[in-house]
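Numbers given in the working numbering equal positions in the sequence shown, counted from 1, plus 671.
It is worth saying that the hints were derived from the structure and are not from the lab. Hints should not be assumed to be uniformly reliable.
Taking CB as the label site, the calculated pair distances span [said to hold, decoys possible]: (1) 734 to 677: 52 to 62 angstroms; (2) 690 to 712: 30 to 40 angstroms; (3) 744 to 675: 36 to 46 angstroms; (4) 683 to 764: 23 to 33 angstroms; (5) 780 to 730: 22 to 32 angstroms; (6) 732 to 682: 15 to 25 angstroms; (7) 730 to 692: 45 to 55 angstroms; (8) 708 to 679: 24 to 34 angstroms; (9) 686 to 748: 29 to 39 angstroms; (10) 751 to 679: 36 to 46 angstroms; (11) 756 to 688: 29 to 39 angstroms; (12) 676 to 704: 41 to 51 angstroms; (13) 730 to 677: 21 to 31 angstroms.
Ideal Cβ positions, reconstructed from N, Cα and C, are used throughout, including at glycine.
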Amino acid sequence: MNLWAWGTGLALAAGLLIYWSYQRHVPVGGIPQLDLRAAAPELDEAVLLDLRDYRDSARMPADGGAIQLPLAYLGRHYGEIGRRRVVLVVSDRVLLNLGARFLRRKGIAVVGYSMITPGGLEGSCEPCV
């Protein structure tokens, strides 16, 4: 095998690694974090889409009757959402990035997200007095 083939293979592998890392770890812009308990105008018109695993969403359900559709099943069932506006319910940033990028590619508007971690609703801590 010559040096050109090694260089091409190495460049291809590096490109795939960079693309994979970008998809998972670079934040998606323009998606604000929302508090599900507050009456935000985005929540009135949008569908709550819970991308967490079934186990996590059953243990800590999202308020408001969210559609439970884990990220692994999103590719097969995103048509059930239609072209409505979506607020994502996720458990971490990677899930948010992957889900938001996929839905935007399919023409579905993501208007916000809420992160529910094992410790509870993130970003909803009331100030200490």
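- Query: Any hints this thing doesn't respect? Which numbers, in order?
  - Reply: 6, 7, 8, 13
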